[in-house]
Amino acid sequence: MTELWDGLVTALRLIVSFDPEVMAIAGRSLAISATSSTIAALICLPLATVIHFNKFRGKRTLINVIQTMFSLPTVAVGLFAFVLFSSAGPLGGLGILFTPVAIVVGQALLISPIMLGLTISALSGVDKTIADTAVSLGASRFQMAFVTIREARFAVLAALIMGFGRAISEVGLSMMVGGNIAGYTRTITTAIALETSKGDLELALALGIILIVIALIINIVLNRIQQR
Amino acid sequence: MALIETDNIGQKYGGQDVLKDVSLNIEAGEVFALIGPTGAGKTTLLRLLDLLEMPANGSIRFDGIDITANKSLRLQARRRMAFVLQKPVVFNMSVYDNIACGLKWRKEKGPALHQRVDQALELTGMAHYAKRNARTLSGGETQRVAIARAIAIAPEVLFLDEPTANLDPVSTNKIEEVLAHIIAEGKTTVVMATHNMSQGQRLAGRIGVMMNGRLLQIGSPGDIFSTPGDKEVAEFVGVDNILSGVIVNRDDELVTIDVNGAHIQAISDYPIGAEVHALIRPEDVTLALHKDASSARNTFEGSIAKTFPIGALVRVEVACGFPLFAVVTKRSAEDLELAVNKKIYATFKATAVHVIKRWN
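If you're matching them up, the sequences are chains A and B in order.
According to my numbering, the first sequence holds residues 1 to 228 in order.
According to my numbering, the second sequence holds residues 1 to 360 in order.
The following block holds chain A by itself, in its conformation from the complex (with noise of 0.2 Å):
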């Protein structure tokens, strides 16, 4: 019990001294997942809106299978991009497994679902009036999607948060492509599994303390945001 009492006092003054390696760590997964998570919102955003305003055939199943992967497994897409990306692959001539990048498409490919799904759904939150409204009143397509959307931008915001949230806790994926290699692929999540495994048990709390202040951050900013 002392042992896990002095490793969460060490882990604590690791945290306030700002303490080089661990910082780095932090910022290269908050850099790692926020990239990802421009990259997958620049994608979905559009994507959403295209599928929410279209009639086709099969937009339901299509729809229902966005949301199911809404739980894919994190090892699961880990596999998938490594293979995509291995040097026997079909992306293999790129050379970016066990980079960064590796981690940032992977994340990308992960978080997608959760932001095409949550964003459909915010779209299908907002009275479809508005809609006639905007095309009422003169609004070419593109122009009614874009004040659609902004009907539902706390809405919008939250699903884009939700894809973040994810990528930064999710650690199968970042070890698979990234490798865990230390100061080049080492995030957080994968720091803290090597730690612990080793038994440092101080710079695993000291970035456990940071992804959690993380989740706490995204959490009370979500909140304020569902509540307007």
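Treat the hints as calculated values from the structure; they're not laboratory data.
Since the model is a prediction, treat every value here as computed from it, not as a measurement.
Derived DSS-like pairs: lysine-lysine, alpha-carbon spacing no greater than 27 Å straight-line:
hint: 1; chain 1: B; residue 1: 87; chain 2: A; residue 2: 55
hint: 2; chain 1: B; residue 1: 71; chain 2: A; residue 2: 59
hint: 3; chain 1: B; residue 1: 330; chain 2: B; residue 2: 291
hint: 4; chain 1: B; residue 1: 174; chain 2: B; residue 2: 187
hint: 5; chain 1: B; residue 1: 12; chain 2: B; residue 2: 87
hint: 6; chain 1: B; residue 1: 71; chain 2: A; residue 2: 128
hint: 7; chain 1: A; residue 1: 128; chain 2: B; residue 2: 107
hint: 8; chain 1: A; residue 1: 55; chain 2: B; residue 2: 12
hint: 9; chain 1: B; residue 1: 20; chain 2: A; residue 2: 128
hint: 10; chain 1: B; residue 1: 104; chain 2: B; residue 2: 87
hint: 11; chain 1: A; residue 1: 55; chain 2: B; residue 2: 20
hint: 12; chain 1: A; residue 1: 128; chain 2: B; residue 2: 131
hint: 13; chain 1: B; residue 1: 306; chain 2: B; residue 2: 291
hint: 14; chain 1: B; residue 1: 104; chain 2: A; residue 2: 128
hint: 15; chain 1: A; residue 1: 128; chain 2: B; residue 2: 87
hint: 16; chain 1: B; residue 1: 12; chain 2: B; residue 2: 71
hint: 17; chain 1: B; residue 1: 349; chain 2: B; residue 2: 330
hint: 18; chain 1: B; residue 1: 231; chain 2: B; residue 2: 306
hint: 19; chain 1: A; residue 1: 55; chain 2: B; residue 2: 71
hint: 20; chain 1: B; residue 1: 12; chain 2: A; residue 2: 128
hint: 21; chain 1: B; residue 1: 187; chain 2: B; residue 2: 109
hint: 22; chain 1: B; residue 1: 349; chain 2: B; residue 2: 231
hint: 23; chain 1: A; residue 1: 128; chain 2: A; residue 2: 55
hint: 24; chain 1: B; residue 1: 12; chain 2: A; residue 2: 59
Use these hints to put chain B onto chain A, whose structure you have.
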């Protein structure tokens, strides 16, 4: 050439006809009211005219262009119109930004935009709400923002769907004032749907009566009011007395209609033997305690079956071989000391009877 011409347009929702064979011409600058009960197809017709939906069949020409055939011209045509929906919604932004939307979508900016928005705010009496979030407004205020938003773009055609439904009388008056102002300016063609007959009368130059997805009759408010074309229209416009009978005699234009044995004199072209409805507006029936020697040809003796007040008036049902409804002022009801079972003479002129053919 009329500004809007529809040729036998129809619409189906889920295989059900909601609109059938509507042919209608609307001239530039006129005020046209669609009246009819809920579910008659008024909203659907407006949505088709505003190009929010495409008709299942038939064609619509706007300013001479067939917009049902020319997909690419639809946005251009739609930008010359504005539509205030039945339950208007406002965008989650300030009143000012709501009103500016249509103009911004037309790439209007700078002082010109400001001026147009300010004018619309002024006209609808919403100037002091400009900075408020539109979502915080009451129903009447929301309706005024919706109208301001529509007129800010200076549309050639303004469509209004039940602009005062579900509003209190004060808000209704305010909205009607705004509409009367727009109409008086004469720059805008107005097409409005209403289930309120008197609103149609007050505002419109022509009225179209819709029932069950069909446009049954088009005419001036006076025409529709006094000479409805069929029984449903008559019922809707407040003709309380719809008496079924047969023409039994004719003397030049003057015919005698047998209604349950009672003889009603009326003016009609229908031949002897024709099965008809005799339509008499209740306000054209006068009541008296004694038989008077007026020129009115139809006087019936009867007893009062029922009376009930409607506002400042009293509606009286007289049993005189057939039920006959009359409307008198409260004052004359008191003077006549109207009471149930009291003996009374009901009188109406032959010219007050509108005769229509009975189809069933």
